[in-house]
Structures are given as C-alpha cells and as structure tokens.
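K.L.:
Protein chains in written order, with the numbering used here: chain A, 1 to 113; chain B, 1001 to 1116.
Watch out, some of these pointers could steer you wrong.
[Claimed, not checked] Per the computed footprint, the stretches of chain A lying under chain B, defined by three or more beta-carbons under 8 Å from a beta-carbon of chain B, are:
| id | segment |
| --- | --- |
| 1 | 38-50 |
| 2 | 76-89 |
[Stated by the list, open to error] Sample of chain B residues at the chain A side, in silico, Cβ under 7 Å:
| id | residue |
| --- | --- |
| 3 | 1043 |
| 4 | 1048 |
| 5 | 1104 |
If you're looking for bench data, these hints aren't it; they were derived computationally from the structure.
Bear in mind that the values here come from a model prediction, so they are computed numbers and not experimental data.
Beta carbons are placed, not taken as given, at the ideal position from N, Cα and C, and that holds for glycine.
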Amino acid sequence: DQQVKQNSPSLSVQEGRISILNCDYTNSMFDYFLWYKKYPAEGPTFLISISSIKDKNEDGRFTVFLNKSAKHLSLHIVPSQPGDSAVYFCAASRRYAGNMLTFGGGTRLMVKP
Amino acid sequence: EPEVTQTPSHQVTQMGQEVILRCVPISNHLYFYWYRQILGQKVEFLVSFYNNEISEKSEIFDDQFSVERPDGSNFTLKIRSTKLEDSAMYFCASSPTGVGLQETQYFGPGTRLLVL
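So that you can see chain A by itself, here it is in the shape it has in the complex (with noise of 0.2 Å):
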C-alpha cells in the first residue's frame, strides 16, 4: 500500500538552515494531513496538520504547505535546530473511514550542530 510515500529516507541540514521534509500522496480522498516527530523507542508526536480546504499551515518554527493538485505536501523547519534531529512522518485520512491514518514510510531528519 503506497497511497503516502516520503520518498527521501534521510535528510541532512546544518543547523539554522531550513529543513524541508517532502510528502506524496495517491488517494484524492484524503481531506487531512498531519506530520508526526519520532524519536526511537517513543510513541510519534504530533507536530502539525492542515486540511484540504488550505495550502498552507504555520506554527511557529514548523510550516505545512499542501498542494492538492499535485497532490504533494511539504513540512518547513526553519531554522533547523539539533533537537529536530528524529524521524518525521507524514500521515493522512479522510472522512468518514474510522479516522484511520495512512502513514509514509518516514524521513529521518539530521541536523548537524
């Protein structure tokens, strides 16, 4: 099942530069996004999410822009910090299926100090 896919497995950034984390996505029903932080040996940590009705979300450091035709979206970190440094996913659901989220396969961020 690949309806959500991070095509890069890792990243590598210096720290204060901006990191930006890529998501594709193939089912058009998807209405909600999120992208979780995870360190090992923890539970993912909510980040930030954005529904199909905007393009773009803020919150603080941490900005997701979504692009519905290309069905793409992408997590802006900026500036990077060295305690960014874990493995990021992109998840996705749509309405009336349980909630259930669709995750990617994971992007592990690395922010050189």
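We have chain A already, so just place chain B on it with the hints.
P.N.:
Chain B in isolation, oriented as in the chain A frame:
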C-alpha cells in the same frame, strides 16, 4: 499535558500464547486506535474504536485480534495466539471525538512485542 500511556513497555512471549496490551487514552477522548510498526516498515493502522464498538479495522486485524474497553479508562488489544510475524511495536492513540471530524490523534509510547 495529558498523554496516552501504555503498558507494558516491552513484552516477550512464546508463539501461540495470548497477549494483552494495555492503554490508557487521554481522559476526555472518545475515539481510540491501535497501530503497529514492524521493524523497518511503516506505521500501520489496525483498528479504531468508538462508543464501545469497532469503527474501522484493517485487513491485518483478523480474528486473532480483539479490542476492549473494560472500564472507563483502559483500552486493550488482545492477540489470542501470537505468531512470529506479530513481533512489532504497538501504538495506542486517542482523539477527542473523531466522528466525521478532522482531528489529531495522540499516540502513546508503544509496547514492543517480541514473539519467540
């Protein structure tokens, strides 16, 4: 800040044995979920639960699996006869209402299940 808790953190069992994984969702949440992540693979949805019944389940959630809310705080996942391929990290999650709304699901720290 309220959080989802899970016990045990680690469980080792023999193939064919029954296991029960326990979760305490965030107290005012009404919608509960189980997901799992096999090592090196994606996080996969297993089941969602609302108003004391299953709302949605994936094809992974076969007859060997069951969920229950035995009291006002706990939410359990039972695997009746474990198989080697059930070895995974199991995550519980909860959301406030979930019914037809776009809501964030909050995850617990997980239970690492190892079936020998």
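K.L.:
Hints first: check each against the structure and report whether it holds.
P.N.:
Tested hints:
Using a Cβ-Cβ cut-off of 8 Å, 7 residues of the segment 38-50 of chain A lie near chain B, which meets the minimum of three, so the contact claim holds. For the segment 76-89 of chain A, the assignment as covered by chain B is violated, since 1 residues bring a beta-carbon within under 8 Å of that chain's beta-carbons and 3 are needed. Taking 7 Å as the C-beta contact cut-off toward chain A, the hint placing residue 1043 of chain B at the interface holds, the least distance being around 4 Å. Taking 7 Å as the C-beta contact cut-off toward chain A, the hint placing residue 1048 of chain B at the interface holds, the least distance being around 4 Å.
Hint status for residue 1104 of chain B relative to chain A: holds, with the closest Cβ pair at about 5 Å, below 7 Å.
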